[in-house]
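Go ahead and model the full structure; you've got the sequences and the hints to work with.
Here the protein sequences line up with chains A and B, keeping their order. Just so you know, we're using this note's numbering here: the first sequence kicks off at 1 and counts up by one. Just so you know, we're using this note's numbering here: the second sequence kicks off at 1 and counts up by one.
Hints may contain errors.
[Said to hold, decoys possible] Covered stretches of chain B (in silico footprint by chain A; criterion: 3 or more residues with CB under 8 Å from a CB of chain A, positions within the stretch not fixed):
(1) 39 to 48
(2) 74 to 83
[As the list claims (entries may be wrong)] In silico DSS-like cross-links for lysine-lysine, where the CA-CA straight-line distance does not exceed 25 Å:
(3) K110/B with K95/A
(4) K50/A with K15/B
(5) K19/A with K50/B
(6) K260/B with K125/B
(7) K95/A with K110/A
(8) K86/B with K15/A
(9) K95/B with K110/A
(10) K15/A with K50/B
(11) K19/A with K15/B
(12) K125/A with K155/A
(13) K95/B with K95/A
(14) K110/B with K15/A
(15) K50/B with K300/B
(16) K19/B with K15/A
(17) K300/A with K227/A
(18) K15/B with K110/A
(19) K155/B with K265/B
[Unchecked claim] Beta-carbon label-pair distances, calculated as ranges:
(20) Q121/B with D130/A: 50 to 58 Å
(21) E283/A with H133/B: 49 to 57 Å
(22) E279/A with S52/B: 25 to 33 Å
(23) K286/B with A48/A: 31 to 39 Å
(24) S52/B with E296/A: 24 to 32 Å
(25) S52/B with P114/A: 41 to 49 Å
(26) E283/A with K286/B: 56 to 64 Å
(27) K50/A with E241/B: 30 to 38 Å
(28) K300/A with Q121/B: 45 to 53 Å
(29) A48/A with E283/B: 24 to 32 Å
(30) S52/B with K260/A: 39 to 47 Å
I should point out that these hints are in silico values taken from the structure, not numbers from a laboratory. Backbone N, C-alpha and C fix where the C-beta goes; we use that ideal spot for every residue, glycine too.
For reference, the chains in residue letters:
Number of protein chains: 2
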Amino acid sequence: MIPFELTIIGSGSAKPTLKRKASAQMLTYGENHFLIDCAEGTQLQLNALKISLMRISHIFISHLHGDHYFGLIGLINSLHLIGRTKPLYIFGPEKLAEILQIQLDASETKLRYPLVFNTLQANGKQCILDNVHLEVYSFPVLHRIPTWGFLFNEKLPERNIRPDFIEAFHPNFDEIHAIKSGADFIDTYGNSHANHEISIQHDCRSYAYCTDTAYFEELIDYIKGVKVIYHETTFMANQVERAMATFHSTTLQAAEIALKAGAGKLIIGHFSSRYPTTETLLEETKTVFSNTVAAEDGLKIEL
Amino acid sequence: MIPFELTIIGSGSAKPTLKRKASAQMLTYGENHFLIDCAEGTQLQLNALKISLMRISHIFISHLHGDHYFGLIGLINSLHLIGRTKPLYIFGPEKLAEILQIQLDASETKLRYPLVFNTLQANGKQCILDNVHLEVYSFPVLHRIPTWGFLFNEKLPERNIRPDFIEAFHPNFDEIHAIKSGADFIDTYGNSHANHEISIQHDCRSYAYCTDTAYFEELIDYIKGVKVIYHETTFMANQVERAMATFHSTTLQAAEIALKAGAGKLIIGHFSSRYPTTETLLEETKTVFSNTVAAEDGLKIEL
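Below you can see the structure in the form of structure tokens.
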């Protein structure tokens with residue numbers, strides 16, 4: 001199986017601290033190196049985690065609060081300085097292109113690589129990327145300014161042929177290819193072997209990124225059945241009014257979304273700097289959704 | 001004497017590294033807390049150095065290359081979040097105000113404090129700030145895009161009365177005030193004591209910030225007699241052509257400017273990331289100007 005891996009770059013909220021940087025994540029699958037959000041200092045965090053800036057293929061920006069994108073212009077500039085030539089694809093709110101361009105103009109920078117900008121659309125769930133391995137969707141969440149979540153769905157992978165079948169029947173190259181694609185197999189005696197008896201279908205893996213958002217029921221449909229969801233828990237449940245007022249979520253609200261969406265695993269993050277550790281946030285979330293982990297800067301998660 | 005102190009926040013050049021951040025400095029004198037340039041991550045560097053963001057009174061931005069200002073919008077945003085109410089004065093290139101405003105608009109942020117923007121002028125040396133302690137000047141330097149240097153001149157401080165005179169003559173409050181302001185003193189026997197015999201005048205301290213710039217003779221007049229000069233040395237002398245092509249300076253060029261300006265001390269910085277240490281840069285500079293120190297992130301210098 002192709003590794004499908006998430007690395008938390010920054011797990012904090014608006015006020016960056018020395019312990020916990022603001023939002024950024026790297027999601028990798030084959031040649032796809034997706035950066036999701038890019039707070040101030042993300043390029044240095046990537047350096048510290050020995051993640052190559054050059055390999056980033058696409059960048060997804062959820063919204064235009066600074067703790068989710070102030071590091072983007074610096075990253076774009078550094079890629080220019082270190083000699084990138086291949087295109088960089090950016091998905092973000094409409095105004096982002098202008099914000100980047102005005103800064104490139106002010107420094108009279110003509111990028112050595114194409115910056116391909118894709119504007120996120122407000123209306124419902126949209127497929128924004130579809131390649132050989134993955135489909136990526138954007139969908140609106142509920143925040144003070146227009147904000148999007150992202151869903152990364154692995155496409156149905158080829159079936160894996162059972163080792164005992166290969167040993168017994170020695171299928172040739174063309175036969176292997178046919179079985180992986182779903183064909184039955186007829187052996188030299190003329191006996192038919194149904195595909196599902198001789199091969200295994202792995203589940204498709206998937207990942208949803210949901211921050212910043214208040215509790216938002218529509219999310220459940222957008223990400224139904226997702227394997228792993230990252231959902232912000234800026235606050236503990238006793239701060240539910242503050243969460244509503246600031247369009248953020250509590251532990252219990254994130255857990256409820258994960259539960260109702262039938263998610264396999266929940267990652268919580270975007271913690272308010274008022275919480276010195278994540279222990280109580282994690283405990284409270286687990287009372288509703290037990291398979292939960294707390295994001296930490298540098299944490300790697302196999303999806 | 002009121003402490004007049006410089007702290008180097010970032011001493012690197014365009015490509016930030018984990019060892020050396022891009023340009024930012026704090027200059028403090030009494031209530032003046034001046035931030036000079038503000039590269040990406042400056043607010044976190046200030047936190048790490050335990051320098052209060054809240055105390056910053058004025059910010060000076062030399063030019064609109066990212067390694068000198070990409071951290072400004074994040075700092076402005078953080079000051080808003082932590083509840084600043086007193087005005088923040090910014091001196092920078094014209095386009096900077098627009099760059100900041102478009103980002104504040106995109107996040108629908110109404111700052112809780114006044115941001116007072118002052119546009120730097122292209123024509124020669126200008127007094128941009130004049131308060132009880134200091135005069136601050138801007139002047140153009142020679143770079144690929146419009147760039148300014150800054151000169152901070154201490155005003156003539158009050159004279160200090162000699163301790164032996166105080167012990168012998170016990171001047172009263174009004175007499176002390178008069179002597180500090182330059183008056184002579186007539187004792188109870190009618191003898192006159194000339195001011196210069198009973199008090200001491202300290203030299204005015206001064207600091208000039210000169211980066212990014214190619215070798216630029218006009219600088220010498222702008223900063224004539226400055227006590228301490230920070231002048232960039234992006235390159236060693238054997239890279240003089242590269243320095244000219246990129247509008248930067250070499251060690252020997254910086255030393256020559258310091259020498260011709262009659263400076264007391266030279267601080268070199270803005271080192272290219274190609275140099276793993278500053279030893280050779282410092283040695284080479286000292287062959288022309290011996291009282292030189294190399295900037296390091298976190299270094300404090302009494303002016």
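Evaluated hints:
no.: 1; hint: 39 to 48; verdict: holds (count 6)
no.: 2; hint: 74 to 83; verdict: holds (count 5)
no.: 3; hint: K110/B with K95/A; verdict: 18 Å, holds
no.: 4; hint: K50/A with K15/B; verdict: 16 Å, holds
no.: 5; hint: K19/A with K50/B; verdict: 14 Å, holds
no.: 6; hint: K260/B with K125/B; verdict: 18 Å, holds
no.: 7; hint: K95/A with K110/A; verdict: 20 Å, holds
no.: 8; hint: K86/B with K15/A; verdict: 19 Å, holds
no.: 9; hint: K95/B with K110/A; verdict: 18 Å, holds
no.: 10; hint: K15/A with K50/B; verdict: 16 Å, holds
no.: 11; hint: K19/A with K15/B; verdict: 23 Å, holds
no.: 12; hint: K125/A with K155/A; verdict: 17 Å, holds
no.: 13; hint: K95/B with K95/A; verdict: 18 Å, holds
no.: 14; hint: K110/B with K15/A; verdict: 17 Å, holds
no.: 15; hint: K50/B with K300/B; verdict: 13 Å, holds
no.: 16; hint: K19/B with K15/A; verdict: 23 Å, holds
no.: 17; hint: K300/A with K227/A; verdict: 16 Å, holds
no.: 18; hint: K15/B with K110/A; verdict: 17 Å, holds
no.: 19; hint: K155/B with K265/B; verdict: 19 Å, holds
no.: 20; hint: Q121/B with D130/A: 50 to 58 Å; verdict: 53 Å, holds
no.: 21; hint: E283/A with H133/B: 49 to 57 Å; verdict: 54 Å, holds
no.: 22; hint: E279/A with S52/B: 25 to 33 Å; verdict: 30 Å, holds
no.: 23; hint: K286/B with A48/A: 31 to 39 Å; verdict: 34 Å, holds
no.: 24; hint: S52/B with E296/A: 24 to 32 Å; verdict: 28 Å, holds
no.: 25; hint: S52/B with P114/A: 41 to 49 Å; verdict: 43 Å, holds
no.: 26; hint: E283/A with K286/B: 56 to 64 Å; verdict: 60 Å, holds
no.: 27; hint: K50/A with E241/B: 30 to 38 Å; verdict: 34 Å, holds
no.: 28; hint: K300/A with Q121/B: 45 to 53 Å; verdict: 51 Å, holds
no.: 29; hint: A48/A with E283/B: 24 to 32 Å; verdict: 31 Å, holds
no.: 30; hint: S52/B with K260/A: 39 to 47 Å; verdict: 45 Å, holds
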